[in-house]
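Combine both chains into one complex, guided by the hints.
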Amino acid sequence: MKLHKLLRFSFRNLFRNRRRTIITLSVAASGFAAMAIIAGYIDFTFYGLQELTIRNGFTGAGGTGHIQIFSLNALQKEESYPLEFGISDYEAITKGIQTIDGVFFAMPRIEFSGLISNGEKSLSFLGMGVDAKKEADLLSFFGKDMAMKLDNSALYALQDIPNGILLGKDMAKSLNAKRGDTLMLLSTTVDGAVNAIDVTVAGTITTGFKTADRYYLLTHISDAQRVMQTDKVSKIVAVLKDTEYTPIVIPEVSDILNRDFPSHKFAIEGWENLAEYYHAICDLYRIIFSFVGAVVVVIVTLSCTNTMLMSTMERIKEIGTLRAIGVSSKWVTAIFLLEGFLTGIGGVIIGTILKYIISAIINHSWIMMPPPPGMSISYQLQIYPATFFIPLIAIVIISSTTLSSLITLRKVRRISIVEAITHV
Amino acid sequence: MKLQGLEIARLDNVTKYYRLGEVQITALNGITLVLQEGDFTVIAGPSGSGKSTMLHLLGCIDKPDKGSIIIDGADTTGQSLEELTEVRLKRIGFIFQTFNLVPVLTAFENVELPLLFRQMGHGEIKDRVDEALHKVGLSDRMRHYPSRLSGGQQQRVAIARALVGHPGLILADEPTANLDSKTGSEIIELLLRVNQDERVTILIATHDPAVKGKANNIINIQDGRINELMSL
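Chain order of the listed sequences is A and B. One gets my numbering by counting positions in the first sequence from 1 and adding 13 to each. One gets my numbering by counting positions in the second sequence from 1 and adding 589 to each.
Treat each hint with caution, since some may be false.
Residues of chain A clear of chain B, computed beta-carbon distances all greater than 12 Å [claimed, not checked]:
id, residue
1, Asn26
2, Leu27
3, Thr58
4, Glu97
5, Ile113
6, Asp194
7, Thr213
8, Tyr228
9, Glu257
10, Ile261
11, Lys330
12, Glu331
13, Ala337
14, Gly339
15, Thr400
16, Arg423
Only pairs whose alpha carbons sit at most 25 Å apart, straight line, appear in this in silico PhoX-like list of lysine-lysine [claimed, not checked]:
id, chain 1, residue 1, chain 2, residue 2
17, A, Lys18, B, Lys715
18, A, Lys330, B, Lys652
19, B, Lys679, A, Lys18
20, B, Lys652, A, Lys343
21, B, Lys652, A, Lys424
22, A, Lys278, A, Lys108
23, A, Lys146, A, Lys191
24, B, Lys679, A, Lys330
Which chain B residues face chain A? A few, computed with CB under 8 Å, are given here [stated by the list, open to error]:
id, residue
25, Tyr606
26, Ile614
27, His645
28, Gly648
29, Ile650
30, Asp651
31, Thr674
32, Phe683
33, Leu779
34, Leu781
35, Leu818
36, Met819
Just so you know, these hints were derived from the structure itself, not from any lab. Think of the CB as a built atom: it goes at the ideal place given N, C-alpha and C, for glycine as much as any other residue.
This is chain B alone, in the form it adopts within the complex (with noise of 0.2 Å):
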């Protein structure tokens, strides 16, 4: 299945199997799936389907069974560790359900994390980090422990993490799933806009039906295997 504009990333024939005590699991089943610069995209289906699994597998935090993934045009399939970390730090963004921010550091501090091992000077790092924060409505919080913002606000900060390296790929795994309906739309509206204004890949894993009304692609998923593909 494909679909349209310049390639971004691309899922070959995918399969990955998962062992639950003697039992083997197909998580996913030969899915083929290319993602175009630009999409915003959602992966859509029940608990289990394999919608998490997908987004590690682009993620590049989990390597498949069978198949093959590229992502900007290079095959991560054969990719040593080392390798595989370095795509994660330059080319893609993560947004976790639980925003996964370290707790002892601050807005800045936690947008600036994934540019600290980038071989930067303190002055980018710091536009960079102001300007992301920016992006998403924080500047005036960057001084905050996790701790002391809401959801809403430590998802955006999350946002501005996965947003900072500038990668070409965003990977959402139900970044609105702990937060309340408003809250939720509000964060959508960010990644949107995002998405708009820079020109990057976006992937949402989500139930949410609110989410898959702004999506421009929407992938159902079930039992591992893409079972309905719609381009709005």
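Chain A on its own, in the form it takes in the complex (with noise of 0.2 Å):
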């Protein structure tokens, strides 16, 4: 038998079989719908953390942003004062960056720490100079497509306050300090010298880490410079309008540093070398991923299996039949695989329709989840297209279909031609 007749057989067989051809349809693409599902969910939540990571960060020290660009010597060497190995020319350079086709801006950042007073009590701090405008754009930036909306109004509102700060909510409550009040700031500054500044509240902010919210503030790059009385900065932080554009940006940020800042050493690190928490949580994601994954796994070949061997077991008395007239064997085996294979095709080509629909009725629930892992942040599930695993997913369905139909047919042929000739 040709190819082209057997592939006729086997459709015809399934055509016309039409009840057992649905039921095991209705398996694989139930099957491959689920698994799809689930890879759209775990797409989602790996680039839900990563985006996350990006643009708020899980530490309160704000997102990494995707490329941030640092002194050499800063990753190298032990600074003997605040901002010896500081950025002095990050205007420049922040222009420069701002230039690379794929960069949609960057901004300077200063870390620093000190003590902040109402007067009465005095707690310390870890703080950080920004551009605050920037700052709330790389936060709304995020809400475009992940639809979680992070509140940015805080960083609005120091923007608006000349010498604002904004408070970890802690730190706000512990030192009884509301919108408009003015506080000290205290810090040392680049010679060892102590210095004091007042700053006025602008607002407060949430990290989602309530530890964090204790010691943690936010204040204008220029402020930050003044109590450190230094014009260099920490770091310079690059937000491409792509995440995927990473590793093609970083080469050119460097070209650009080596052409206009020759006498100086960067180091430039994407944001994946910055995110240790990122990394920390997705190991610990993708152990529970693999489990359920290898459950669903399981269960979908089992169920395969089942149906396909209740179906080939119904056709008992037609494969001793077959074997009677003359027909191989070999050529029995060869139908019943191709019936699978095809089986499992169908499958996959309902289920990702299955999945496309079931995908956004989903999307389009506003179902809300839990936050994530140190976050307080609600957010809405969404199931992503997981392009990646689709390919992956339609083996496993065509696998278990074709090799289910191979397994029962082994089972099958345990019973003699005699016998299955007289099956009822």
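Structure representation (structure tokens):
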């Protein structure tokens, strides 16, 4: 029998055995859709974690952005005094980076520490000097593709208040500080002296971490420089139009820095190298999802095998008749394998449609999920296309239906032709 | 025991046992039989006498425990499963009591089945199927599914399927048992006509006395032994 005859024969069997085919297709399609939806959720979760790391971060120190530029010494040596290895030409560097295609914007950050006082009570703090407008843009950018609204109103409020400061929620509570109150910010200058400036409370921030909310604050980059008496910054953060551009943009940043600032040595790090917490969560999720995925694969494979077994057992008499009239065991196997294979293909096609319908329903149902680890903000459940996983799932389904027909056929082969032709 | 004419098939001292739990049952006990070209032979005997077993052995869908089976001059006893399949495909046609048609295939497609597994072009297959269905008088029912055919028509389709490969030997196991007497007679008449027109050797296992009356050889079998052979 030639292949086209075999195909015609198998297609004919599948189309004409409607009840049997519908049942096996339903099992294969549901299995595919279930796995693809889980994969879509996994994809969404990992993408969410990635973007959350870039836009917001988990430690209270802000999002990593896509690329961070440091003075090389800052990463290799211990500073003798604050900002010893800071970047002084940050405005020119920022402008240069912003000329690169694919860069949305670049912004400076200063990391500093000290004491904050309301006159009666002083608390130690870890602070960051920022460009409030751009930090707000980094957060709101996240909302576009994740349907997760991160609150950036405090950053906009900071932008509007000169000498403004945003306090961690619990720090504000501890200092009994409200919006508009004046506090004193004390820090060590780059010369080792202690300096103090007055700042006005512009609002409060929550990092998602209770401990961080007790000691964390944000202020304008100019105020941070003022209290530290420096014109340097700790680093420059580049935000790209798409996270996927990161590996392409890094060498371009390097080229511009080497060309325009040949006397400086910089370290350029992509967000993945700066996100230890992200990797720790991903590892944990991978273990959980691998386990859940393995359970689903086993359930789907067993369901497919069971359904194929039932439909093959219904055909014992047909198999016996085929064998009796001279159809070789090899051809019977080929017919059943091909039918199993075609069922798998059909299951994948229908399952893909089913997956997109269910995904669309879920994505438009505004189902809110509990906050991710360390966060206090719920987010909307979404199922992503999971294009990477789809071919793998298709292979699992097609292999299940094809191999299960082979397994069931092996079982049927133990029945003699004489028994099979008289099987009721 | 030997019948006259050109030899098509031979059982030589064939014995077949079955196991039923702990008990061994002798289904056939030292049977020797020769079938000649053009024979229309009936195997008669009570249920459990070994009629169907003899058909299964001759049809190469079962193997004897002792003795040998020769089909068209070749000893099939030591042949592999693939070789036996080839013998069934090219030399033997089967007709079953319950017709054994594939329910999702039309009459044409059921008859076509054995030819699909031979090296044959589409045109030749179509001609052969048309011819076989014409012989059994079902040219106008070839697109009908078995469920749309009467019992007699289904058995005719089964006969066409057995004939289409031009086998030398047709084995029919109780072909009239599921049919009324009138339809049963028509089926036997059809088999007789095929036997005479095509010179195909036909061996029928049956209880039906009307069938015995049409045969030119009757083999009475009891407890796995031939106890009477009549040439009419």
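Status of the hints after comparison with the structure:
The non-interface label for Asn26/A is inconsistent with chain B: the shortest C-beta to C-beta separation is roughly 6 Å, within 12 Å. Remark: the non-interface label on Leu27/A conflicts with the geometry, its nearest Cβ contact in chain B lying 10 Å away (cut-off 12 Å). A cut-off of 12 Å between C-beta atoms confirms that Thr58/A is not in contact with chain B; the least separation is 46 Å. Once the 12 Å rule is applied to beta carbons, Glu97/A is consistent with being away from chain B; the minimum gap is 84 Å.
With a least beta-carbon separation of about 65 Å from chain B, Ile113/A lies farther than 12 Å from that chain, consistent with its non-interface assignment. Every C-beta of chain B lies more than 12 Å from that of Asp194/A, the closest at about 84 Å, which supports listing it as non-interface. The beta carbon of Thr213/A sits about 83 Å from the closest Cβ of chain B, which is more than 12 Å, so the claim that it is off the interface holds. Here Tyr228/A stays apart from chain B, with its beta-carbon at least about 75 Å from theirs, past the 12 Å limit.
For Glu257/A, the requirement that its beta carbon stay farther than 12 Å from each beta carbon of chain B is met, with the minimum near 51 Å. With 12 Å as the threshold on Cβ separation, the claim that Ile261/A sits away from chain B holds: the shortest Cβ distance comes to roughly 57 Å. In this structure Lys330/A is not separated from chain B by more than 12 Å, as the shortest Cβ-Cβ distance comes to only about 7 Å. Interface exclusion of Glu331/A from chain B breaks down, the closest Cβ pair being 5 Å apart, not more than 12 Å.
With a cut of 12 Å on Cβ distances, Ala337/A falls inside the contact zone with chain B, its closest approach being about 5 Å. Gly339/A, annotated as away from the interface, has a beta carbon of chain B within 12 Å; the closest lies near 3 Å. Chain B leaves Thr400/A outside its interface by the beta-carbon criterion, the shortest separation being 38 Å against a cut-off of 12 Å. Consistency note on Arg423/A: stated as away from chain B, and its beta-carbon is indeed over 12 Å from all of that chain's, at 15 Å minimum.
Of the supplied pair hints, the one linking Lys18/A and Lys715/B holds, its CA atoms being roughly 14 Å apart against a limit of 25 Å. Between Lys330/A and Lys652/B the alpha-carbon distance is near 20 Å, which keeps this suggested pair within the 25 Å criterion. A distance of roughly 19 Å separates the Cα atoms of Lys679/B and Lys18/A; the hinted pair therefore holds under the 25 Å criterion. A distance of roughly 20 Å separates the Cα atoms of Lys652/B and Lys343/A; the hinted pair therefore holds under the 25 Å criterion.
Between the alpha carbons of Lys652/B and Lys424/A the distance comes to roughly 21 Å, so the proposed pair stays at or under 25 Å and holds. At roughly 18 Å between alpha-carbon atoms, Lys278/A and Lys108/A fall within 25 Å of each other, so this suggested pair holds. The straight-line distance between the Cα atoms of Lys146/A and Lys191/A is roughly 22 Å, inside the 25 Å bound, and the hint therefore holds. Between Lys679/B and Lys330/A the alpha-carbon distance is near 21 Å, which keeps this suggested pair within the 25 Å criterion.
The criterion of a C-beta within 8 Å of any C-beta in chain A is not met by Tyr606/B, whose closest approach is roughly 14 Å, and the hint is violated. Look at Ile614/B: its Cβ only gets to about 14 Å from chain A, farther than 8 Å, so that hint breaks. The criterion of a C-beta within 8 Å of any C-beta in chain A is met by His645/B, whose closest approach is roughly 5 Å, and the hint holds. For Gly648/B, the shortest C-beta to C-beta distance to chain A is roughly 7 Å, which falls under 8 Å, so the interface hint holds.
The restraint placing Ile650/B at the interface with chain A holds, with a minimum CB-CB distance near 4 Å, inside the 8 Å limit. A hinted interface residue such as Asp651/B counts as satisfied when its beta carbon comes closer than 8 Å to some beta carbon of chain A; here the least separation is about 5 Å, so the hint holds. At a threshold of 8 Å, the smallest CB-CB gap from Thr674/B to chain A is about 5 Å, leaving the interface hint in force. This hint holds: Phe683/B has a C-beta 5 Å from the nearest C-beta of chain A, less than the 8 Å allowed.
Because the smallest distance between the Cβ of Leu779/B and any Cβ of chain A comes to about 19 Å, over 8 Å, the interface hint for this residue is violated. Because the beta carbon of Leu781/B sits about 22 Å from the nearest beta carbon in chain A, more than 8 Å, this interface hint is broken. The interface hint given for Leu818/B is violated, since its Cβ lies 25 Å from the closest Cβ of chain A, which is over the 8 Å cut-off. At about 28 Å, the closest approach between the beta carbon of Met819/B and any beta carbon in chain A exceeds 8 Å, and the interface hint on this residue is violated.
Going through the hint list in order, the structure does not satisfy hints 1, 2, 11, 12, 13, 14, 25, 26, 33, 34, 35, 36.
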